[in-house]
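Novice: Protein chains in written order, with this note's numbering: chain A, 1 to 286; chain B, 1 to 286; chain C, 1 to 286; chain D, 1 to 286; chain E, 1 to 286; chain F, 1 to 286.
Hints listed in this document are in silico derivations from the structure and should not be mistaken for laboratory results. What you are looking at is a predicted structure, and each value in this text was computed from that prediction instead of being measured. Just so it is clear, CB atoms sit at the ideal spot from N, CA and C, and this is done for glycine as well. Hints should not be assumed to be uniformly reliable.
[Claimed, not checked] Estimated spans, in silico, between C-beta atoms of each pair: (1) C/E15 / A/E15: 12 to 22 Å; (2) F/T180 / A/L144: 33 to 43 Å; (3) C/E15 / F/T180: 17 to 27 Å; (4) E/G101 / F/E15: 23 to 33 Å; (5) B/V8 / C/F36: 19 to 29 Å; (6) D/G162 / F/V206: 51 to 61 Å.
There are 6 protein chains.
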Amino acid sequence: MRNKAMNVSTFIGCEKSYSEAEIVLFGVPFDGTTSFRPGTRFAMQAIRPDSYGLETYSPYLDKDIEDAAIFDGGDLDLPFGNPAKVLDQIFEYSQEVLADGKKFLMVGGEHLVSLPTIKAAYEKYPDLHLIHIDAHTDLREDYLGEKLSHASVIRRCHEFLGDDRIFQFGIRSGLKEEFTWAKEHTHLERFSLETLKEKILEMQNVPVYITIDLDVLDPGIFPGTGTPEPGGITYRELLEAIKQFQELNQIVAADVVELSPPYDPSGASTAIACKTIRELLLTLAE
Amino acid sequence: MRNKAMNVSTFIGCEKSYSEAEIVLFGVPFDGTTSFRPGTRFAMQAIRPDSYGLETYSPYLDKDIEDAAIFDGGDLDLPFGNPAKVLDQIFEYSQEVLADGKKFLMVGGEHLVSLPTIKAAYEKYPDLHLIHIDAHTDLREDYLGEKLSHASVIRRCHEFLGDDRIFQFGIRSGLKEEFTWAKEHTHLERFSLETLKEKILEMQNVPVYITIDLDVLDPGIFPGTGTPEPGGITYRELLEAIKQFQELNQIVAADVVELSPPYDPSGASTAIACKTIRELLLTLAE
Amino acid sequence: MRNKAMNVSTFIGCEKSYSEAEIVLFGVPFDGTTSFRPGTRFAMQAIRPDSYGLETYSPYLDKDIEDAAIFDGGDLDLPFGNPAKVLDQIFEYSQEVLADGKKFLMVGGEHLVSLPTIKAAYEKYPDLHLIHIDAHTDLREDYLGEKLSHASVIRRCHEFLGDDRIFQFGIRSGLKEEFTWAKEHTHLERFSLETLKEKILEMQNVPVYITIDLDVLDPGIFPGTGTPEPGGITYRELLEAIKQFQELNQIVAADVVELSPPYDPSGASTAIACKTIRELLLTLAE
Amino acid sequence: MRNKAMNVSTFIGCEKSYSEAEIVLFGVPFDGTTSFRPGTRFAMQAIRPDSYGLETYSPYLDKDIEDAAIFDGGDLDLPFGNPAKVLDQIFEYSQEVLADGKKFLMVGGEHLVSLPTIKAAYEKYPDLHLIHIDAHTDLREDYLGEKLSHASVIRRCHEFLGDDRIFQFGIRSGLKEEFTWAKEHTHLERFSLETLKEKILEMQNVPVYITIDLDVLDPGIFPGTGTPEPGGITYRELLEAIKQFQELNQIVAADVVELSPPYDPSGASTAIACKTIRELLLTLAE
Amino acid sequence: MRNKAMNVSTFIGCEKSYSEAEIVLFGVPFDGTTSFRPGTRFAMQAIRPDSYGLETYSPYLDKDIEDAAIFDGGDLDLPFGNPAKVLDQIFEYSQEVLADGKKFLMVGGEHLVSLPTIKAAYEKYPDLHLIHIDAHTDLREDYLGEKLSHASVIRRCHEFLGDDRIFQFGIRSGLKEEFTWAKEHTHLERFSLETLKEKILEMQNVPVYITIDLDVLDPGIFPGTGTPEPGGITYRELLEAIKQFQELNQIVAADVVELSPPYDPSGASTAIACKTIRELLLTLAE
Amino acid sequence: MRNKAMNVSTFIGCEKSYSEAEIVLFGVPFDGTTSFRPGTRFAMQAIRPDSYGLETYSPYLDKDIEDAAIFDGGDLDLPFGNPAKVLDQIFEYSQEVLADGKKFLMVGGEHLVSLPTIKAAYEKYPDLHLIHIDAHTDLREDYLGEKLSHASVIRRCHEFLGDDRIFQFGIRSGLKEEFTWAKEHTHLERFSLETLKEKILEMQNVPVYITIDLDVLDPGIFPGTGTPEPGGITYRELLEAIKQFQELNQIVAADVVELSPPYDPSGASTAIACKTIRELLLTLAE
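From just these sequences and the hints, can you work out the full model?
Specialist: Shown next as structure tokens:
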């Protein structure tokens with residue numbers, strides 16, 4: 001009788017052990033630098049039970065989660081009030097997963113938590129390219145004096161990735177300076193994902209990390225986020241982008257950030273996160 | 001003074017008596033097999049008062065509810081905890097309405113409640129064809145051992161309708177087996193309604209039943225449902241489909257299911273149900 | 001690193017294995033006969049994460065959860081649409097736990113799910129006495145024809161426990177017939193818990209099962225329930241009752257039912273369930 | 001089959017026709033002068049369906065709604081934007097009910113709507129006494145220049161009732177001038193209902209109108225109101241007051257106002273309104 | 001230290017004084033004739049703090065709020081219960097702003113509050129043309145007998161503007177008579193904004209007032225409104241329209257009405273209002 | 001016309017300038033170390049507009065806010081992600097207000113923000129005594145390794161105040177160690193405020209700082225907080241405590257913390273904060 005074992009809680013279909021897994025899914029419940037409306041710390045807590053409202057089979061990719069080897073590692077246990085220490089712990093865990101020869105899908109949390117996971121991927125794959133899908137540039141030098149902020153995470157990544165490695169799509173908000181800076185240092189497409197297909201063709205054989213800030217979606221379809229920015233893409237457009245990722249031959253890790261379940265009690269935003277995670281897990285699976 | 005009569009509550013403009021009505025509108029407040037998030041039992045209770053936020057006139061069809069002969073029969077009074085008995089009561093009521101030479105529009109409730117209404121229509125019109133608009137296949141043989149489930153309602157219909165009578169549109173979720181089974185037994189269009197127009201032309205002169213599970217809509221525009229499935233159609237696309245229904249010459253009955261008002265307190269989802277009901281009532285009216 | 005083990009989710013401090021546990025905590029996510037407003041199926045899903053907002057130490061009882069031997073068995077996996085089958089599964093699990101020499105605390109779900117757990121306790125302890133704290137009599141012979149209903153659960157228990165074994169407190173709603181029936185068959189105190197102390201003294205050395213329907217609390221302090229009944233007791237009064245339970249020498253099992261988290265998004269009702277569970281677990285612990 | 005009659009919606013158990021009724025229940029969905037947070041227009045729309053969560057039997061009064069002769073007249077149909085016209089319509093309806101030899105229980109709406117109903121009762125019973133239970137004095141001469149305002153309704157009543165006829169209880173908010181004015185013109189008890197019993201004894205044989213602004217309750221137990229004023233009475237205290245009303249021999253009408261359902265989606269506040277209405281209907285019944 | 005000045009609250013970046021301002025932003029918190037669901041009185045109260053979730057820079061127009069001279073005049077202080085008096089106050093304020101040689105952007109409130117602002121603009125610019133973007137015709141002669149109603153605001157404007165000056169877009173709801181009337185008296189485009197571009201070319205050099213009822217947007221993306229009407233335009237389409245406004249050489253004033261924040265606690269609808277206001281302010285700025 | 005001045009937003013009646021004020025009210029929107037559910041950063045944003053639902057006159061104290069000299073200094077502008085820097089800024093502002101010979105009432109934010117305000121008061125009044133009303137001990141040495149945490153704020157205060165200066169009331173949650181530690185270092189009353197009166201008499205002529213964590217109230221009446229702890233005091237009990245504060249002759253400053261408006265959209269919790277602030281301001285006023 002299953003209730004004699006401990007009560008295990010995973011994303012739907014992710015029931016392999018760590019050792020047999022090809023992919024590790026884990027949550028990072030941290031929103032400590034969120035300036036406007038916190039809540040992304042609750043993302044994974046909402047995602048796991050709601051993932052059972054989906055099927056494990058994707059008719060888009062014609063693949064099934066149950067055929068993949070995925071371990072759900074739960075959520076990291078993080079202190080609040082000390083972002084630097086938090087980032088260290090995330091870095092360490094990500095590095096270890098990669099060292100064990102696995103890929104990972106991290107679920108935030110605010111966007112700042114992508115910094116250590118991208119860093120860990122970069123350290124293993126120095127030629128790393130970054131696909132960044134977001135409503136916001138995230139290219140500030142600092143935010144109210146703090147350099148470790150959700151609003152400057154991609155700028156921080158640029159410090160180690162350098163020029164020509166960052167590809168930004170769907171961007172529709174930022175300071176004028178950020179847009180100007182981007183012209184010299186990243187590929188930045190405003191408002192849509194139109195150039196994604198062509199850029200993917202150029203990255204087919206290099207190591208790629210994909211970071212998706214779900215607020216790239218229109219707040220009409222994704223209200224459950226801290227900083228809703230109207231005029232975003234539709235979910236069909238995001239699904240189309242994920243389909244195009246199938247052309248990439250070396251995705252080493254990915255993340256999905258900025259779901260804030262308290263702002264959408266209907267669960268529609270959480271369903272979007274769940275489906276995006278399912279599609280990305282199937283994309284990472286070989 | 002109207003307040004000396006009993007307090008009558010109807011969908012906007014549906015104020016004819018049973019005997020003078022051409023169309024009967026009625027509610028089925030049942031969600032007893034809902035596995036994930038219940039709430040559709042409250043649909044009609046929200047729809048009636050909110051329908052007064054609409055006009056009775058449709059600029060899409062250039063027709064007015066007040067020119068049609070529609071009776072609002074209220075909601076069936078159903079026990080919980082015994083689905084088989086519930087389905088019998090719905091069947092009996094639907095059959096009687098049809099026997100009286102009327103059409104009906106039933107409002108759920110979960111999708112399982114369409115089984116007895118479709119059955120009743122089939123018994124009167126043995127050549128019945130079914131148009132099924134939904135996010136989910138609903139083709140499971142059973143769900144956790146139960147054959148009477150919202151997840152298997154169309155499979156149950158197939159048992160009497162047989163092959164080549166069921167036309168499914170907008171489907172984007174199901175087990176792999178369901179999609180495979182559908183290839184041999186139904187017409188199933190994935191993701192969109194593109195083939196609807198052409199199929200309607202083939203059904204112009206046969207008796208047709210239309211069942212609309214509103215979760216076919218994107219959860220962004222219709223969050224008020226038990227199992228939100230991202231990536232759905234827009235409301236304009238659904239309106240377009242209803243316009244195409246005008247080409248059908250023998251629609252005998254229809255239903256609209258799976259609105260769960262507690263999941264969308266903004267009332268936007270309820271407004272969608274109301275408008276869909278208005279357009280379908282005008283479609284049924286001659 | 002803990003994230004290499006599977007992601008385990010328990011009530012705070014309940015981390016013993018089944019074999020070492022003295023007490024088993026388990027959830028029964030079923031609300032299939034709920035006639036008014038469903039939602040208790042989500043109780044345990046809300047309780048586990050929110051229990052971490054409490055401390056493991058109770059200053060009321062001066063005892064700590066971490067000093068007790070408690071196993072959290074998760075939730076039973078139950079089909080909807082077939083109450084009789086559901087009750088069988090609950091009965092079987094409860095019986096097994098008792099057979100293994102353990103006590104249990106079951107968390108509902110609607111009140112009907114207490115029927116099989118009380119039955120299991122009765123079969124092991126034929127002299128079982130029942131303490132029933134509730135707003136409602138739950139003594140209907142049937143509800144809309146169904147004998148297995150949340151509104152008749154104590155009446156069903158009376159069929160095996162018989163007269164003089166059922167002690168009801170806090171009752172403030174029911175049919176006139178139920179109150180009349182109770183006069184001959186149970187001890188029923190209306191509106192408050194005043195006679196509880198005296199009754200406990202009479203039950204000190206017999207096996208006792210405690211069933212707490214949280215809607216006994218005033219809806220002002222416990223709005224998260226399906227059938228709010230104004231005029232209930234305060235939480236301090238319930239805490240006082242639990243303190244009195246310390247006088248009982250043979251509590252064999254207990255349950256806490258009818259939390260419906262969707263009706264109280266503030267989490268205050270869930271916090272009440274959590275604290276009640278903590279105090280009852282400490283009461284069951286030796 | 002009941003669904004061939006029109007869909008009738010009443011408060012639980014109030015199913016007599018107008019002509020056979022001793023008591024008329026009706027709703028006044030108006031909140032047009034509400035200065036802070038509107039919403040009481042939705043009160044009756046929430047109360048009717050939720051009243052089915054109660055029983056018709058009151059264990060407090062040992063009486064049953066089904067034994068009384070009560071007609072539910074629905075809601076008056078009122079324009080917004082013209083308070084004077086609205087008050088005229090309410091007055092006319094109330095007057096007619098009284099002229100037909102019936103009592104009434106009116107359910108607001110904002111407190112201003114009590115002005116015409118009290119006026120109508122006064123015109124029939126010139127010796128009318130008023131029991132006013134409320135958090136607020138409602139004694140302003142005007143509000144932002146408007147004399148017809150929820151904040152001045154009792155002051156307007158004083159214009160025809162005169163001194164020594166108005167008895168206010170539970171009052172805990174007002175301008176200093178209002179409290180000062182009350183000293184000379186009304187009986188006003190601050191914060192509690194302690195003097196109610198004694199005042200009732202003095203009014204036993206005179207015609208009495210009871211107006212209950214539910215915001216007299218503590219917002220903890222009654223958050224569903226436009227102007228929550230902390231520090232109010234408990235629901236048990238209000239029930240106790242209603243019990244004391246049984247001593248009055250000539251209650252001619254009553255009202256219950258200021259439930260604003262949108263501010264309490266849990267339904268707990270609506271349940272309080274429902275139970276208060278049930279108890280008052282049973283109090284009015286002979 | 002800034003906290004020694006009074007606590008000033010403005011829309012993001014609108015910090016110029018009245019005298020130095022070219023544009024005045026002000027709020028009109030009135031919803032007194034709203035027949036269905038009130039709440040627009042709270043719009044500005046939600047908009048000001050949430051505007052800080054945006055940036056001051058628009059990548060659509062490549063302009064920055066901080067480079068414009070905008071004064072935020074706060075909200076008018078209006079009585080409820082007397083619409084005529086309210087409209088007078090709005091008229092007076094608008095007239096004064098125009099007399100001082102400034103433009104204004106007014107934020108409602110319900111649509112009726114546009115009547116006095118359009119009137120004031122017309123009195124200064126007798127050749128005024130009106131661009132009206134809305135889901136509803138707003139062309140009723142009266143509403144339940146009241147001529148001053150949100151449902152008749154454009155009809156009232158026609159009384160002074162006359163034929164050929166009113167251009168309506170996105171309209172998808174109204175009485176049949178309204179659509180018929182419009183054929184002779186206004187330019188009315190149903191369902192979309194397709195003809196906007198061409199009409200703008202005709203109005204390039206005449207004084208133009210733009211009134212945007214945000215319920216023109218689909219309720220999926222803008223649920224925070226009193227009368228959701230499914231099947232509306234997307235936010236990208238509205239942004240496109242605003243871009244086209246850049247072709248107009250003499251926009252004299254504008255308004256944005258019908259945001260009702262209580263109906264969308266996610267804040268997504270408020271974000272849409274904020275972004276629309278930012279884009280219109282930048283459009284008004286020279 | 002008032003709308004030509006900037007839009008000023010204050011707590012009701014607090015409209016004096018800094019220089020003429022005797023008391024400074026200011027907000028500290030910080031919740032960066034909140035471990036469970038953030039949201040207190042939004043407290044003041046909700047309190048200011050909702051304070052207009054109250055009157056300025058208190059019938060409890062028979063005093064009026066408008067007769068006091070109070071300046072509303074707005075909210076401090078604080079970075080997230082760096083608690084130490086935040087505390088420095090709060091300290092500096094508090095110190096300056098005290099240096100200018102004024103008292104202050106600070107409104108949080110999480111409880112940690114009381115540390116610098118108490119520190120500032122202590123530096124000016126070395127004989128400072130602290131009255132601490134709370135559900136939680138807040139006496140942890142550290143929380144997950146962080147010494148600056150809401151859970152350790154009173155422990156940090158003890159480091160400078162020392163033994164016999166801290167008086168805790170209403171405490172009902174903490175680690176066993178905290179309760180043990182308190183026995184030697186503070187006066188701690190569990191569960192209620194019974195000893196408050198007597199302690200106040202001992203502190204009549206010493207400088208006193210009052211810190212009120214509103215979660216001391218029962219979550220039934222105050223659900224809008226991050227860590228609801230059932231079994232708290234009633235609002236009448238808190239009002240009674242404030243009345244007793246009138247006996248103190250040297251209250252130098254006070255604070256009210258832990259309102260989290262997003263968790264109570266009814267506004268009842270915000271109303272409690274508003275009323276508590278009004279009563280405390282009147283208590284501070286001479």
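Novice: Please list, smallest to largest, the hint numbers that this structure does not respect.
Specialist: Nothing - there is no hint that the structure violates, so all of them hold.
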